[in-house]
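> Going by this note's numbering, the sequence shown opens with residue 1, and the numbers climb by one from there.
Some hints here could point you the wrong way.
As a list, the in silico SDA-like pairs of lysine to any residue whose alpha-carbon atoms are at most 25 Å apart [stated by the list, open to error]:
id: 1; residue 1: 28; residue 2: 141
id: 2; residue 1: 122; residue 2: 101
id: 3; residue 1: 85; residue 2: 24
The following label-pair restraints were derived from C-beta to C-beta distances [claimed, not checked]:
id: 4; residue 1: 148; residue 2: 56; range: 23 to 29 Å
id: 5; residue 1: 58; residue 2: 84; range: 22 to 28 Å
id: 6; residue 1: 117; residue 2: 7; range: 15 to 21 Å
id: 7; residue 1: 31; residue 2: 89; range: 28 to 34 Å
id: 8; residue 1: 167; residue 2: 4; range: 33 to 39 Å
id: 9; residue 1: 52; residue 2: 121; range: 25 to 31 Å
id: 10; residue 1: 141; residue 2: 23; range: 18 to 24 Å
id: 11; residue 1: 24; residue 2: 116; range: 25 to 31 Å
id: 12; residue 1: 121; residue 2: 19; range: 29 to 35 Å
Just so you know, the hints here were simulated from the structure itself, not pulled from any lab data. For each residue, glycine too, the CB sits at the ideal point set by N, CA and C.
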Amino acid sequence: MGGWSWFFAPFALFITYSILPSLTEEEKKQVMDYHIVTSNIAVGLLWVWLAAVTQMKELFFYGFTCAFACHLGMNTYIRLNYFKKYTEGKSMIISFIKASAFILLPGVGLNYLNYGSMLNIKSILLYAVSLLISIFAVSKLKKYMHYEIVDAGSGWVNAGIAFVLSGFIMLIRYFN
């Protein structure tokens with residue numbers, strides 16, 4: 001539907017999820033079932049489908065990459081904070097850097113290569129703020145969610161966060 005570049009963000013999410021840092025023994029015992037995988041890709045699938053239907057690929061590519069970057073940031077934060085026992089601040093910083101380096105910034109480059117559109121600094125900062133908000137949201141939700149247990153409920157909460165933030169990015173981009 002979207003072309004080869006649309007494969008990059010989900011591929012980067014699933015390849016880098018379990019590395020940098022590697023999984024702990026406790027994490028290896030957890031089962032990633034269909035519901036967890038679906039909750040991590042659902043928002044991206046919605047954006048790629050809408051891009052194909054509306055032919056607004058450039059616009060939806062921004063939301064698409066933002067959604068996957070948010071998922072990588074949130075997943076990494078949970079792994080670092082719960083299983084590696086990193087501090088809040090260290091978990092947030094590493095999660096932000098990892099999601100930016102592996103999905104957000106390459107997504108900006110792919111958008112330029114495919115659609116000839118370069119984001120201005122304001123848009124890139126908006127992307128970064130959305131990513132930070134997703135990580136911050138998970139850090140606050142951990143009081144109510146059982147993120148140490150891989151389950152569909154927490155996966156869909158994270159999908160909701162990614163949906164709202166990536167949709168917000170596209171609305172701002174559309175009206176600017």
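> If a hint holds in the structure, say so; if it doesn't, say that too.
Outcome of the hint check:
Taking the CA atoms of residue 28 and residue 141, the gap is near 23 Å; set against the 25 Å cutoff, the hint holds. Under the criterion of a C-alpha separation no larger than 25 Å, the hint pairing residue 122 with residue 101 is consistent with the structure, at around 18 Å. Only pairs whose Cα atoms come within 25 Å are accepted, and residue 85 paired with residue 24 is accepted, the gap being roughly 11 Å. At about 39 Å, the beta-carbon gap between residue 148 and residue 56 misses the expected band of 23 to 29 Å.
Here the CB-CB span from residue 58 to residue 84 is close to 37 Å, at odds with the stated 22 to 28 Å. Checking the proposed 15 to 21 Å range against residue 117 and residue 7 shows it holds: the Cβ atoms sit about 19 Å from each other. Separation of residue 31 from residue 89 is about 30 Å and conforms to the stated range, judged on CB atoms against 28 to 34 Å. At roughly 24 Å, the beta carbons of residue 167 and residue 4 sit outside the given window of 33 to 39 Å.
Between residue 52 and residue 121, the C-beta spacing of about 30 Å keeps the proposed range 25 to 31 Å intact. As the Cβ distance of residue 141 to residue 23 is approximately 22 Å, the hint placing it in 18 to 24 Å holds. Separated by about 43 Å at the C-beta atoms, residue 24 and residue 116 break the suggested range of 25 to 31 Å. Taking the beta carbon of each, residue 121 and residue 19 are about 30 Å apart, inside 29 to 35 Å as hinted.
Comparing the model with each earlier hint shows violations of hints 4, 5, 8, 11; every other hint is respected.
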